[in-house]
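Q: The lines below spell out each chain.
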Amino acid sequence: GAGVSQSPSNKVTEKGKDVELRCDPISGHTALYWYRQSLGQGLEFLIYFQGNSAPDKSGLPSDRFSAERTGGSVSTLTIQRTQQEDSAVYLCASSLDLLAGPRSEQFFGPGTRLTVL
Amino acid sequence: TQLLEQSPQFLSIQEGENLTVYCNSSSVFSSLQWYRQEPGEGPVLLVTVVTGGEVKKLKRLTFQFGDARKDSSLHITAAQPGDTGLYLCAGRPKAAGNKLTFGGGTRVLVKP
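Residue numbers (the working numbering), protein chains in the order written: chain A, 96 to 212; chain B, 2 to 113.
I should point out that these hints are in silico values taken from the structure, not numbers from a laboratory. Hints are not guaranteed to be accurate.
As the list claims (entries may be wrong) - In silico DSSO-like cross-links for lysine-lysine, where the CA-CA straight-line distance does not exceed 30 Å:
no.: 1; chain 1: B; residue 1: 112; chain 2: B; residue 2: 57
no.: 2; chain 1: A; residue 1: 152; chain 2: A; residue 2: 112
no.: 3; chain 1: B; residue 1: 95; chain 2: A; residue 2: 152
no.: 4; chain 1: A; residue 1: 152; chain 2: B; residue 2: 57
no.: 5; chain 1: A; residue 1: 110; chain 2: A; residue 2: 152
no.: 6; chain 1: B; residue 1: 71; chain 2: B; residue 2: 57
no.: 7; chain 1: B; residue 1: 58; chain 2: A; residue 2: 106
no.: 8; chain 1: B; residue 1: 58; chain 2: B; residue 2: 112
no.: 9; chain 1: A; residue 1: 106; chain 2: A; residue 2: 152
no.: 10; chain 1: A; residue 1: 152; chain 2: B; residue 2: 71
no.: 11; chain 1: B; residue 1: 60; chain 2: B; residue 2: 71
no.: 12; chain 1: B; residue 1: 71; chain 2: B; residue 2: 100
Pulled out of the complex, with its shape left as it was, chain A reads as follows:
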């Protein structure tokens, strides 16, 4: 399909290990977002990439979290030395922000459920 895809769908890891979560946005979308969602709760903004501009990292909760977007397409969210409180669903979204302005729609992937034991 042509939607946003994320992998893996589920990840179980041990405390202290590093994890990488991948997001494939919709082709041609210039903006990419990462969010974190605790069980049944709202979305917490983590980081935002827009074209070739410097990413907005203002939502990253600690320096253990980092993200890259290579070639303006695929993005990887890395969590180093995972902690139990990192357990959540990590959602990626993409959009055509630049032209759509305030009506811009974000298209979400199904998320990666991360469990830190």
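Since the structure of chain A is provided, determine the placement of chain B on it from the hints.
A: Only chain B this time, still in chain A's reference frame:
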């Protein structure tokens, strides 16, 4: 304290009843969106409102943006089991460009 407060957090009703979900803030938003999320999936956009006082209808769903662009409501008429899900409001604060701020969500359960 969240920038966008949703209420109630959880709503359980019988099929055919009406319901209203509220999204409130002390900040002004350039636009406000409502998303619906089902288990195991990402949120899906239902509507965007940008003008103070704007009312939009989508079949049995009615969305309203407050005159001052600080609050919004979602009203569902004659709810059906298919309306079950997590409803999320999301706004673009005037000074934040395209970045969305999400409310805490309202979980709606419509029982047949």
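Q: Each of the hints needs a verdict: does it hold here or not?
A: Hints and how they fare:
no. : hint          : in the structure
1   : B:112 x B:57  : holds, 26 Å
2   : A:152 x A:112 : holds, 22 Å
3   : B:95 x A:152  : holds, 19 Å
4   : A:152 x B:57  : violated, 34 Å
5   : A:110 x A:152 : holds, 24 Å
6   : B:71 x B:57   : holds, 17 Å
7   : B:58 x A:106  : violated, 40 Å
8   : B:58 x B:112  : holds, 23 Å
9   : A:106 x A:152 : holds, 23 Å
10  : A:152 x B:71  : holds, 26 Å
11  : B:60 x B:71   : holds, 25 Å
12  : B:71 x B:100  : holds, 16 Å
The structure fails hints 4, 7 (numbered hints given earlier, in ascending order).
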